[in-house]
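Enquirer: Sequence:
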Amino acid sequence: MHQLVPPGGLAANCFTLCSVTLAGGIISMADSFRTSGIIMAIIYLVVITLITVYTMYMMGVTIRKTNGTLRNFEEMGGGLFGPGWDYFVGFIMASSCLGTAIGYLSAAGSVLSPVLQHSPHTSDFFKSTGGKRVALTLLWAAFLVPVVLPKHVNTIRYVSVFGVCMVVYFVVIIVVHSCTNGLKKGMRGDMVYFTTGNEAIYGLSIFVFGYMCQGITYSVYFEMKPKPCVRQLTVASAISMTVCMVLYILAGLFGYFDFADDTKGSILENFNPYQDVYMMVAYMGMLVKICAAYAMNMIPIRNFLYHCLRWDLETNPYWRHVLLVFRPPLWCWLPDCSSRA
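Going by UniProt numbering, the sequence shown opens with residue 1, and the numbers climb by one from there.
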């Protein structure tokens with residue numbers, strides 16, 4: 001495995017970028033195709049993919065122009081705009097990633113909810129809203145926090161590889177299920193190609209959320225081997241974003257074909273994981289994938305806290321690093337943001 005995905009290599013960078021991108025967005029892709037329309041959704045994905053690759057390239061050029069002396073968003077903000085801007089830029093990035101983290105936890109909850117709801121052995125408490133939040137908190141402590149503890153993204157590249165493979169498996173399951181259902185039931189509902197109004201805007205927000213990968217640009221760039229290179233960053237971004245776009249289109253298109261107007265906000269809610277073993281495997285795989293994406297999404301938040309405390313990532317004792325990372329998961333108890341009237 002070390003030979004196939006060496007640390008800092010092109011393959012590792014592609015899997016890392018795919019891992020942080022493919023998470024909560026893909027389980028809502030079918031509903032986004034329903035609200036945006038098939039043709040408009042594909043246009044959105046193509047345009048956002050191109051913009052994402054371009055932003056990664058521009059960030060790489062900025063790092064090269066500053067001779068690699070500015071190693072994170074805080075230092076870049078202070079170096080380019082002056083004193084005080086380091087805290088402003090860091091706060092904006094940390095706030096953005098905090099919102100994304102809440103989205104990932106909501107996605108983890110959407111994975112957990114059908115498993116608890118359909119199980120004949122689940123108590124009534126864990127089927128309630130409060131019980132599901134307790135289960136989500138335990139899930140956070142047992143699975144999400146441990147993958148946040150490593151200081152470098154290359155340390156969890158194997159988790160990223162496994163997570164991306166499970167997303168591919170999940171998409172294949174959606175395609176196969178859609179094809180088999182289509183043969184049995186035929187066309188379900190009217191397929192919408194374009195929509196207008198608030199629903200169309202909602203779909204766009206999910207597509208943008210599905211490409212939130214810029215937060216780890218500095219970590220990916222400075223951990224490259226044999227040396228950091230803008231070209232490798234651009235190539236890795238182009239490959240990974242193209243793969244993500246194809247998986248998004250397949251998941252959205254065939255998920256929408258499968259359930260039509262009955263498509264839920266999270267496509268996981270359209271399945272019963274206890275009816276088919278292969279679907280339960282997909283659920284557990286998506287959970288691992290969300291863990292990997294959550295870990296890398298927390299890097300800008302960690303860097304901002306390090307900058308405020310004036311700690312150095314490489315020299316800071318590991319026990320202080322652990323205390324900083326392991327803080328109360330208050331957002332586990334926030335209302336479900338994925339539900340809509």
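Derived from the structure by calculation, the hints contain no laboratory data.
You may find that some hints are simply not true.
[What the hints assert, rightly or not] Listed next, the in silico DSSO-like pairs over lysine-lysine satisfying Cα-Cα at most 30 Å (straight line):
1. Lys264 with Lys132
2. Lys65 with Lys225
3. Lys227 with Lys151
4. Lys65 with Lys227
5. Lys127 with Lys264
6. Lys151 with Lys65
7. Lys225 with Lys151
[Claimed, not checked] Now the in silico label distances, taken between C-beta atoms and shown as ranges:
8. Asp262 with Lys225: 45 to 53 Å
9. Ser96 with Pro120: 39 to 47 Å
10. Tyr278 with Pro120: 17 to 25 Å
11. Thr66 with Val176: 45 to 53 Å
Idealized CB from N, CA, C, for every residue including glycine.
Enquirer: Against each hint, give a clear statement of whether it holds in the structure.
Expert: Going through the hints against the structure:
no.	hint	in the structure
1	Lys264 with Lys132	holds, 19 Å
2	Lys65 with Lys225	holds, 19 Å
3	Lys227 with Lys151	holds, 19 Å
4	Lys65 with Lys227	holds, 16 Å
5	Lys127 with Lys264	holds, 19 Å
6	Lys151 with Lys65	holds, 26 Å
7	Lys225 with Lys151	holds, 17 Å
8	Asp262 with Lys225: 45 to 53 Å	holds, 48 Å
9	Ser96 with Pro120: 39 to 47 Å	holds, 41 Å
10	Tyr278 with Pro120: 17 to 25 Å	holds, 20 Å
11	Thr66 with Val176: 45 to 53 Å	holds, 49 Å
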